[in-house]
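Visitor: First to last, the protein sequences are chains B and F.
Everything in the first sequence is counted per the numbering used here, starting at 1 for the first residue and increasing by one.
Everything in the second sequence is counted per the numbering used here, starting at 1 for the first residue and increasing by one.
Think of the hints as simulated: they come from the structure by calculation, not from any bench.
Hints may contain errors.
You can't tell identical chains apart in this list, so a pair holds if it fits in one copy or across any two.
Pairs of lysine-lysine, DSS-like flavour, derived with a Cα cap of 27 Å [said to hold, decoys possible]: (1) K567 with K515; (2) K515 with K230; (3) K63 with K7; (4) K515 with K540; (5) K7 with K289.
There are 2 protein chains.
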Amino acid sequence: MNATDIKSPADIRNLGIDQLSQLATRLREILLEKLAAHGGHCGPNLGFVEPAIALHYVFDTPKDKIVFDVSHQTYVHKMLTGRIEAFADPAHYDDVTGFTNPAESEYDLFEIGHTSTSVSLATGLAKARDLTGGTENVVAVIGDGSLSGGEALEGLDYAAELGTNFIVVINDNQMSIAENHGGIYENLALLRSTNGAAECNIFKAMGFDYIYVPYGNDLESLIDAFRRVKGSTRPVVVHIDTMKGMGFAPAERDKEHFHFTGPFNISDGSSEAPQMQTYVDVFAAHMLKAMQQDRRIVTLTAGTPGAIGFGPAERARAGSQFVDVGIAEEQAVAMSAGLAKAGCSPVFGVCSTFLQRAYDQLSQDVSINRQPATFVTFYGGVYGMNDVTHLGFFDVPMISNIPGILFLEATCRGEYIAMLDWAIRQTDTPVVVRTPSGAIVEREGDFDVDYATAPYELVEAGSGPVAIIAAGDFLPLAQQAAEILRTNGVEAAVYNPRKVCCLDTATLDTLAARKLIITLEDNSIDGGFGQKVAAYMSGKGPEVRVLGLPKAFPDRYNRAQFMAENKLTPQQIANIAMQA
Amino acid sequence: MNATDIKSPADIRNLGIDQLSQLATRLREILLEKLAAHGGHCGPNLGFVEPAIALHYVFDTPKDKIVFDVSHQTYVHKMLTGRIEAFADPAHYDDVTGFTNPAESEYDLFEIGHTSTSVSLATGLAKARDLTGGTENVVAVIGDGSLSGGEALEGLDYAAELGTNFIVVINDNQMSIAENHGGIYENLALLRSTNGAAECNIFKAMGFDYIYVPYGNDLESLIDAFRRVKGSTRPVVVHIDTMKGMGFAPAERDKEHFHFTGPFNISDGSSEAPQMQTYVDVFAAHMLKAMQQDRRIVTLTAGTPGAIGFGPAERARAGSQFVDVGIAEEQAVAMSAGLAKAGCSPVFGVCSTFLQRAYDQLSQDVSINRQPATFVTFYGGVYGMNDVTHLGFFDVPMISNIPGILFLEATCRGEYIAMLDWAIRQTDTPVVVRTPSGAIVEREGDFDVDYATAPYELVEAGSGPVAIIAAGDFLPLAQQAAEILRTNGVEAAVYNPRKVCCLDTATLDTLAARKLIITLEDNSIDGGFGQKVAAYMSGKGPEVRVLGLPKAFPDRYNRAQFMAENKLTPQQIANIAMQA
Numbered sequence: 001m002n003a004t005d006i007k008s009p010a011d012i013r014n015l016g017i018d019q020l021s022q023l024a025t026r027l028r029e030i031l032l033e034k035l036a037a038h039g040g041h042c043g044p045n046l047g048f049v050e051p052a053i054a055l056h057y058v059f060d061t062p063k064d065k066i067v068f069d070v071s072h073q074t075y076v077h078k079m080l081t082g083r084i085e086a087f088a089d090p091a092h093y094d095d096v097t098g099f100t101n102p103a104e105s106e107y108d109l110f111e112i113g114h115t116s117t118s119v120s121l122a123t124g125l126a127k128a129r130d131l132t133g134g135t136e137n138v139v140a141v142i143g144d145g146s147l148s149g150g151e152a153l154e155g156l157d158y159a160a161e162l163g164t165n166f167i168v169v170i171n172d173n174q175m176s177i178a179e180n181h182g183g184i185y186e187n188l189a190l191l192r193s194t195n196g197a198a199e200c201n202i203f204k205a206m207g208f209d210y211i212y213v214p215y216g217n218d219l220e221s222l223i224d225a226f227r228r229v230k231g232s233t234r235p236v237v238v239h240i241d242t243m244k245g246m247g248f249a250p251a252e253r254d255k256e257h258f259h260f261t262g263p264f265n266i267s268d269g270s271s272e273a274p275q276m277q278t279y280v281d282v283f284a285a286h287m288l289k290a291m292q293q294d295r296r297i298v299t300l301t302a303g304t305p306g307a308i309g310f311g312p313a314e315r316a317r318a319g320s321q322f323v324d325v326g327i328a329e330e331q332a333v334a335m336s337a338g339l340a341k342a343g344c345s346p347v348f349g350v351c352s353t354f355l356q357r358a359y360d361q362l363s364q365d366v367s368i369n370r371q372p373a374t375f376v377t378f379y380g381g382v383y384g385m386n387d388v389t390h391l392g393f394f395d396v397p398m399i400s401n402i403p404g405i406l407f408l409e410a411t412c413r414g415e416y417i418a419m420l421d422w423a424i425r426q427t428d429t430p431v432v433v434r435t436p437s438g439a440i441v442e443r444e445g446d447f448d449v450d451y452a453t454a455p456y457e458l459v460e461a462g463s464g465p466v467a468i469i470a471a472g473d474f475l476p477l478a479q480q481a482a483e484i485l486r487t488n489g490v491e492a493a494v495y496n497p498r499k500v501c502c503l504d505t506a507t508l509d510t511l512a513a514r515k516l517i518i519t520l521e522d523n524s525i526d527g528g529f530g531q532k533v534a535a536y537m538s539g540k541g542p543e544v545r546v547l548g549l550p551k552a553f554p555d556r557y558n559r560a561q562f563m564a565e566n567k568l569t570p571q572q573i574a575n576i577a578m579q580a
Numbered sequence: 001m002n003a004t005d006i007k008s009p010a011d012i013r014n015l016g017i018d019q020l021s022q023l024a025t026r027l028r029e030i031l032l033e034k035l036a037a038h039g040g041h042c043g044p045n046l047g048f049v050e051p052a053i054a055l056h057y058v059f060d061t062p063k064d065k066i067v068f069d070v071s072h073q074t075y076v077h078k079m080l081t082g083r084i085e086a087f088a089d090p091a092h093y094d095d096v097t098g099f100t101n102p103a104e105s106e107y108d109l110f111e112i113g114h115t116s117t118s119v120s121l122a123t124g125l126a127k128a129r130d131l132t133g134g135t136e137n138v139v140a141v142i143g144d145g146s147l148s149g150g151e152a153l154e155g156l157d158y159a160a161e162l163g164t165n166f167i168v169v170i171n172d173n174q175m176s177i178a179e180n181h182g183g184i185y186e187n188l189a190l191l192r193s194t195n196g197a198a199e200c201n202i203f204k205a206m207g208f209d210y211i212y213v214p215y216g217n218d219l220e221s222l223i224d225a226f227r228r229v230k231g232s233t234r235p236v237v238v239h240i241d242t243m244k245g246m247g248f249a250p251a252e253r254d255k256e257h258f259h260f261t262g263p264f265n266i267s268d269g270s271s272e273a274p275q276m277q278t279y280v281d282v283f284a285a286h287m288l289k290a291m292q293q294d295r296r297i298v299t300l301t302a303g304t305p306g307a308i309g310f311g312p313a314e315r316a317r318a319g320s321q322f323v324d325v326g327i328a329e330e331q332a333v334a335m336s337a338g339l340a341k342a343g344c345s346p347v348f349g350v351c352s353t354f355l356q357r358a359y360d361q362l363s364q365d366v367s368i369n370r371q372p373a374t375f376v377t378f379y380g381g382v383y384g385m386n387d388v389t390h391l392g393f394f395d396v397p398m399i400s401n402i403p404g405i406l407f408l409e410a411t412c413r414g415e416y417i418a419m420l421d422w423a424i425r426q427t428d429t430p431v432v433v434r435t436p437s438g439a440i441v442e443r444e445g446d447f448d449v450d451y452a453t454a455p456y457e458l459v460e461a462g463s464g465p466v467a468i469i470a471a472g473d474f475l476p477l478a479q480q481a482a483e484i485l486r487t488n489g490v491e492a493a494v495y496n497p498r499k500v501c502c503l504d505t506a507t508l509d510t511l512a513a514r515k516l517i518i519t520l521e522d523n524s525i526d527g528g529f530g531q532k533v534a535a536y537m538s539g540k541g542p543e544v545r546v547l548g549l550p551k552a553f554p555d556r557y558n559r560a561q562f563m564a565e566n567k568l569t570p571q572q573i574a575n576i577a578m579q580a
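Only chain B is shown next, with the shape it has when bound in the complex (with noise of 0.2 Å):
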């Protein structure tokens, strides 16, 4: 049949397995050409073409039920399921997200970007099926990388104890997005040498039964192991051994590089040369400067090191100062506190949207005790990542309201640079430093302060009726429509808070007089720093408009579409300024 012909499963599972293999090397071509051409997740996906057909071959989806963790290696899965056109035809290539979305189909369950979660999930859908009197198979698919996440590892070992049906695939490609980390790979490693027969098995010791499929992408494997586990009365493990990657070179030598990549040259699997310096660049050059003066200091990442500038490069200068826990944020948190207490400095860098998973250790594990860990944010705010999963709109909500932790915010390199220092050099206070998500800015300003005390940063003075207090990436904002307002004869002065936890009341008085006051934050407006400085100024006399991010979980927005809907141009936030 013609790949592009597929509308669901059903129409592949009267196939054969030489049309199967046929039709597994058509996605793949259709899969390559769109990675190609407009980027994504490239190694999950190209690994995963067998295994996903294998499934839906088997499996009588939707009413047999498969969860995908993470749901970045679910390319083929769409194809196969009602959306081959947005991979085949270049016109319809943003008709889908990169991840699972019930919108989108009813074979897609959950909408899911963070690792970890699909066997806890996959759980509640048994336990409803057994309690309601089901009979469809629930599949959990978890990527090697996924398993080190403490909410996997709760997952399975609770799954054991519904004693129903309940299939775990394990898609072990012997990759995280880097390498591997923890003891739990070693044992999938053993497991791998010893054809699944090693008795010493972590899925076995977790209570489940144990099926080994050496050849992860042959289909005739795949089929055969996953027939044998359909309809099984019991929690059961298929652990198969695929290749990132697959089917094209590029990406199974360099598997790190392309997990995840832009458009790429079909031929060579090159690109173009990385644009211009971002904050991530400068944060990792001056870590491995930092390091190398002290040997106390350490950089720690959970399984993203390449988002905070640490690719196999830098990881070898930084040597053992340099810790990937794996994708494991709880660790890396509470680990940092540990260092901490031990007379280090660590600094865990992490994107903004998964350092939610770790509110607990930064609440009691950090904050509690006091202890002087430095946690660097990425892609906060809405120049960082746009899928509704990844959105870094939350960190200053949910960080800046734990007791005892400084939240700083950079608006420029030196500013940025002086915050990392003075945090690194803390002795008894847990600083976040938010890392800016926009171009690098380049300014003038008094960086080398104390930010446990300093007041508010009078960038630009003006003695009209306005204050503008705008946070990080969104001061050129503020002062790019305190220029609109000059241009209309009102004066503004804007000012940089520099951290959004706590307020500077001695200035906040000295705005009394003004009619109104104007705050700016990249971020999630509700539980966010305007709102503190609204009710301190409540019965003082400035009105307060607190402008910012909404409160929602908006999907692939377009940047400045969203910005406009929020007030946030230069030209809105004049005028609203002028109406004052």
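Chain F: place on chain B using the hints.
Guide: Chain F alone, transformed into the frame defined by chain B:
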């Protein structure tokens, strides 16, 4: 030697085994006497007398570092480290907290009360040691009940990678707070039944060396085992089989009841019959009735069934509709999402402080996926638990700023039941219902409403210059303040906001002519409800005074004093109103 003469572990290191044995007997007597008179964590400490002695006997504390998981098993550790007076002398019983506390002793490394963090914290200590050339032993002591927590599993997985001295003592007493849950416990049972010889070994699978101690309350066995691993150059698990409640027959018999108790009769373990009914009882009774009427309703706990009113009898009645996932809050929240997706109505009852461990699951698995799961929090606010690690001040700032989750606060029995029923009926809205922590309030009101759209409830009309909006447990405070105001000739309106995640702007607009709006909330005010009101009302007329709990981590506060310090007595509230 006389037990009460022990000033530090050095005092016991020259004792012979017979003397250590006598010491254990004497320390257990002292412990039991205090427990009977004072209450506290009974079973965990009675079962850890010998291990605590053996640890300090073998290891060179405080140079060697011991991190106790959850740390409620450290009473004997405290006795051995200079604090025996706080156990032997009733006048000093309250000199120590119930957990490790660095402010008390250099032998206490962290202030901990949530489970499953010890291994991760200890990895930081070990890494710091390795970077700085230290030689001390690093020991994490963790109970089997804590092993189901994701952070513990992340820590164990990562620890093996350290490849250096790292000793984990698994204190296996075959119990969590209630019975254990999860597949790992089958493996622990296998290890016990094979005297540690089974090849299938969760710890070996995670990369640890392994030693089994069948008599974990036998000093000689323990000392021998600890000596074998002292100075180990590899990560190693020492699995000790102990008896929870050891040496006190009632506690050995009823391990769940004696996990934590108030004072009891030392002769037979009996204690006063429970006092008056609480909201916990209301919850359990209501859920039992609801589950009986609808098989799709499922009540979940994460290892604390008793804390939500589900003792052994209630669990038996609920049967398969009650799920205890073990101490694994991430699993509980994500499983709830799965249950909801499959058409069930999950209700996860959880201590406010422990829900902190599942922020990301609430955000992604539940809210982004619009799963109609219900989360019922307990022990929130000032009337909840008052140990610093167990404060319920932060649920509102943490959760109410996540988009899409309705956060309801009940003010009385009728409203609480109505909110539970309404939440269970939702089909696409996740709901938090905060259980009041104070005494049960009975009052009339319009509780049969659509809580998604219901306006603020006008509890007391009053056309004067003041309106008070008071959430949850604090509604009675507002009513008492209004009564004082009335006697002073000031009429105040009192509103119950019902939900604290968003505003009833229509009602707020009707208050524009008032001089003062006071918001009262039983949570840390930063990031809370009042600041949202203040931001909305800014420029509209009334001053907004935001009253509630401070952004702070107080430890074992006195409630009356704490309320007064935060201007939360009815008289103080009335005074603020009268200044308007």
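Visitor: All hints are to be evaluated individually against the structure, with a verdict given for each.
Guide: Do the hints match the structure? See the list:
1. With identical chains, the CA atoms of K567 and K515 are at most 27 Å apart within one copy only, with a shortest distance of 19 Å there and 30 Å across copies.
2. Taking the closest pair of Cα atoms, K515 and K230 never come within 27 Å of each other, the shortest separation being 69 Å inside a single copy and 68 Å across copies.
3. Within a single copy, K63 and K7 get their C-alpha atoms as close as 16 Å, which meets the 27 Å cut-off; across copies the closest is 67 Å, which misses it.
4. Taking CA atoms no more than 27 Å apart as the test, K515 paired with K540 passes in both settings, with 10 Å inside one copy and 13 Å between copies.
5. Taking identical chains as interchangeable, the C-alpha atoms of K7 and K289 are never at most 27 Å apart, the minima being 55 Å within one chain and 46 Å between chains.
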